[in-house]
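Student: Residue-level listing of the chains:
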Amino acid sequence: MASYIYLVKFFFILDNKGSRVVAKYYDDSEFDTTVKQKAFEKRVFDKTAKVNGEISILDSFTIVYRTYSNVTIYMVADNEQNEVALLNVLNTYTDTLHTILDSNINKRNLLEGVNFTLLALDEILDDGIVLESDSTIISDRVGIKIDGGDDLDSLDQSLGQVMASAREQLVNFLK
Amino acid sequence: MNRFEKKDDDENEFPFESLDKGQVIQEKRVFNENQINARKCSFVISEFLYLLSRGDTFTNTEATDVYFAATKLFQSKDIPLRRLTYLLLKEFSTIMSQEMSLIATSSLVKDMSHKIELYRANSIRVLCKIIDNQLLSQVERHIKQCIVDKDPHVSSAALVSSIHLLKVSPDTVKRWANEVQESISNKSNMVQYHALALLHRIKQHDRLAVTKLVSAMIRSSLRSPYAQCYLIKCAVEVIEETGTQDRAFYDYIESCLRNRNEMVSYEAARAICSLKNSSLKELTSAVGTLQLFLSSSKPTLRFAAVRTLNKLAQVNPIAVVPCNLDMENLITDNNRSIATLAITTLLKIGNESNVERLIKQISNFLDDINDEFKIVVVESITALSIKFPKKYKQLIIFLNKILRDEGSLQLKQSTLDAILSVVNHIPESKEIALNELCDFIEDCEYSELSVQILHLLGQEGPHTPSPSKYIRYIYNRISLDSGTIRAAAVTSMAKFGLLNEQMKHKVELLIQRCLFDEDDEVRDRATLYLRLFKENNEKLLSQLLLEDLPAPAINIQRSLEQYLESGRAATEAFNIDNVSTVVETSPILSSGKASATSTPKAGAISLASSSSAAGDSTPKGKEAGETYAIKLSNIPQFAAYGKLLKSSEIIELTETETEYVVSCVKHMFAGYIVFQFTVKNTLEDQLLENVFVKMEPNVRIKFETYLPIDKLAFNDPADCYVALRIQDSTPLINFNNILRFRVREIDPSTGEADSSSYDEQYNIEEIALVPRDYIIRGQPAPKFLEEWKELPEDIQSIQRFSLNIKSIDEAVKEIVRTLGMAPCEKSEVVPPKANKHILYMSGRSVANNNMLVLARARMMIDQSGQNIDVEFAVKSEDEDFNAFVATESF
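Protein chains in written order, with the numbering used here: chain A, 1 to 175; chain B, 1001 to 1890.
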């Protein structure tokens, strides 16, 4: 019970050969070195690669995942956690990426925008605790619109998104 | 097809893929430029973050350098750059010394009251990662300010950070309860969730306060699904810990079943399934909710539902029956985890009438699934055979089909084990199983399995109505198979000759034909058996053919290996009496090389059958390494104690997270007891010297030897010993124990030990000597009832007592565990629903030259159904020992 608030244990993105693209271990008591982590990721990949699923179990972990053209995104929790809640976190993350990467989730885009890939994660999870679950809010926080004339390669919000976030603000206001 | 697809060909390199850590560390100089270029700096930070998430490691110094350089970036007013800087500081602070990371404190505290929300929210997240107890009290008011911040981003960040801070400074965080309470009314869903969780955790040691909080929250209207899930968990906790009859908590959980959010309705359903006192109505609604999920298009919902129902089926199979049909549809689910869970659930809830249909259904898709999955099915089927003994025929045929089909050795071994277990539990199944197995060995590709089956045929075949038909199958092996199998076949035939007088002549003729076999082992066995048959030496024959080895096969193997290595072979014969009879049950810390042990041929069957019959699946620690016996015989002080007779299980004398972790094993020798204490020092800054356990007995006794640990370094466990002389007595003593040692502080920067030291002691748990310590488990007596009759009746000791246990099965386990003796005659298998039972056990005494000790426990459930009345009788040649075991054990 005490640890229930710490929902996600590990997060990683693997490419279509099972190699790590990025990873974050919120709890490294099981896998305290990169070598051990990658060995675990390999086993997870072997178990999930051929199956077009969404959820699996390995050892004492529940794993939810979603596969895109050449990458798979994984969230891992211990098997006492609410599977549906874990999937919700994955959904929040992939929805955010969809918005930021303009629906093109693939290895190249995740790496080219690695700052967004990692910031989005940081906005959703703080040491495994869900910090925010609304992908619209997170997309806004990650793709910070900046004033001033700096030439930073930041994300241009599409008109649709501006509308979406305006609507959100209006809804919040009306509450 | 998206427009990026083309670029992702394998030939093309991906961005950052060949990024080099050294190069990026060089690039950090852009942080130092007078005019900060936000774009360049953001890029370099991204590179660092990527390196970390890729798995590159930074040394303490490297991390500190990067961290220092990044603190310069607080001068920039660029918001995206600041956001990345926070993340960089947060990540790097965890791989450097905490003290150094504090240099960012003042910048972060400043940002905590900045007008931009993003600054406030993220600076507090970083600060709480680096701060220590002392500084925390200084910035406390800023954190409290952030907790009640109107902006949800800031408030959530502060609350979540406070949850982490509970680990650093629980007392400080507890002082913020009022602010947290205030933030619960924030409009944001997430803030509600975080405030609830923090409030609950602040109060978690005060049961009354938690109950009040949960009651209040139940009545409020939480909107956040995460918060609702959390509150359901809290309600379950209150119900379980207080045993409250207040239906308000149950009602709340039940109301959540109807929540539109699946995460919440699922949480409620699984809460109800896990609660012991859920009403039938609640359980029915919960199962109904899960049933809907079973046919959902979302794999996760199907998975979650079937997993929860699987768990429920273990305790309450009837409740799950309504989902039967939906579950059957899941057998062919694309997601194998779901299909596996569905099958095992179905087999758990199956009843006598639908078992057959179920097995047929599973057979139909057997060809489509892999071996790993088949093993799960085989295991569930084995469990089923115990539940529905009448269905043995279908089960055996089904298992046999798996055995015959293509498959790995592992699968076939599991299947054979399953068949053996069915044979053990259901005597009626013996004949059909033997017939099927006879057919199977005609073309079995794995000699390991053939050998085991031949062993079984020899063991069971002679007792069947028509033993001669098995001889034909066995003899076929002799003309057709390899040496190992031929040798096993000869032994198997010899058993028929021994156990069935009429067949003796025929068997002798058949064995005679093996005298000229090309394989040494086959010839030797044939010659030996034939000679013994001619001499009519039944005693030796039955010893060779029927009795188990006098010591565990693995121990004999080790002793033989040692014997050959020592070079004694030329001068003295191997003496099997010197082999330890201790069954190693726990892995031993040692650097010895791991030697994979092949399955001992003859032992395999009895091993497989006894472990499945006992019902406990604790894996025997076969991690090879030096055994206790070898380890102790290498210590000069103990070498003279002779053969190690028995070692206890490992007894933990501390919690596993304490500064010093101590465990103990009791080793019994004839006339001596050696206590082996394994001590682990978990403090990095201490070197311990002259470490020993001071044992304080509750009676006057004389200790023989203390062997301390000279030096005990951090994280490197070592053993110290205490030896006690008991001669032929069997004292029952309690010991209070104190760990004593000298401490030398270690300087963390240099790793060197301080020149001065001081004495220290540490209290650890007690140890007691109990009757079980004086009894060696050994192999079960092969003919218990005969041996029981032979031992003198007049000096047996009988005790009557009552156990506060509800089921016979549990009582059997408890008695076997308390006495540490070996159950005989398969009497540890309790027929389902039995209300009385007799358990037979055998063992040998540590004193009195390994004297045989037999025990019999007659059990009956008493009228209340709450207790079990036991009549416990012990027999051996020694009246005093009988009384000792009978009166002191329970």
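These aren't lab readings, by the way, just hints derived from the structure by calculation.
All values reported here derive from a predicted model rather than from experimental measurement.
Careful, some of the hints might be misleading.
With a straight-line cut-off of 25 Å between C-alpha atoms, the simulated DMTMM-like cross-links for lysine to aspartate or glutamate are [to be verified]:
1) B:Lys1789 x B:Asp1548
2) A:Lys47 x B:Glu1379
3) B:Lys1393 x B:Asp1333
4) B:Lys1167 x B:Glu1659
5) B:Lys1298 x A:Asp27
6) A:Lys47 x B:Glu1659
7) B:Lys1203 x A:Asp127
8) B:Lys1233 x A:Glu80
9) A:Lys17 x B:Glu1649
10) B:Lys1826 x B:Glu1649
11) B:Lys1090 x A:Glu80
12) B:Lys1233 x A:Asp27
Student: State for each hint whether it applies.
Tutor: Going down the list of hints, with the structure as the test:
For the proposed pair lysine 1789 (chain B) and aspartate 1548 (chain B), the alpha carbon gap of about 21 Å is at most 25 Å, so the pair holds. Distance restraint check for lysine 47 (chain A) and glutamate 1379 (chain B): the Cα-Cα separation of roughly 21 Å lies within the 25 Å cut-off, and the hinted pair is therefore satisfied. Distance restraint check for lysine 1393 (chain B) and aspartate 1333 (chain B): the Cα-Cα separation of roughly 28 Å exceeds the 25 Å cut-off, and the hinted pair is therefore not satisfied. The straight-line distance between the Cα atoms of lysine 1167 (chain B) and glutamate 1659 (chain B) is roughly 18 Å, inside the 25 Å bound, and the hint therefore holds.
For the proposed pair lysine 1298 (chain B) and aspartate 27 (chain A), the alpha carbon gap of about 28 Å is over 25 Å, so the pair is violated. For the hint linking lysine 47 (chain A) to glutamate 1659 (chain B), the alpha-carbon distance of about 39 Å lies beyond 25 Å, and the restraint is violated. Taken as a hint, the lysine 1203 (chain B) and aspartate 127 (chain A) pair is honoured in the structure, with Cα atoms around 22 Å apart against an allowance of 25 Å. A threshold of 25 Å between alpha carbons decides the hint, and for lysine 1233 (chain B) with glutamate 80 (chain A) the separation of about 12 Å falls inside it, so the pair holds.
Proximity of lysine 17 (chain A) to glutamate 1649 (chain B) is assessed by CA-CA distance (about 46 Å); at most 25 Å being required, the pair is judged violated. About 24 Å separates the Cα atoms of lysine 1826 (chain B) and glutamate 1649 (chain B), which keeps this hinted pair within 25 Å; it holds. A C-alpha spacing of about 29 Å is found between lysine 1090 (chain B) and glutamate 80 (chain A), which places the hinted pair above 25 Å, so the restraint is violated. Our distance criterion of 25 Å between C-alpha atoms is met by lysine 1233 (chain B) and aspartate 27 (chain A), whose separation comes to about 22 Å.
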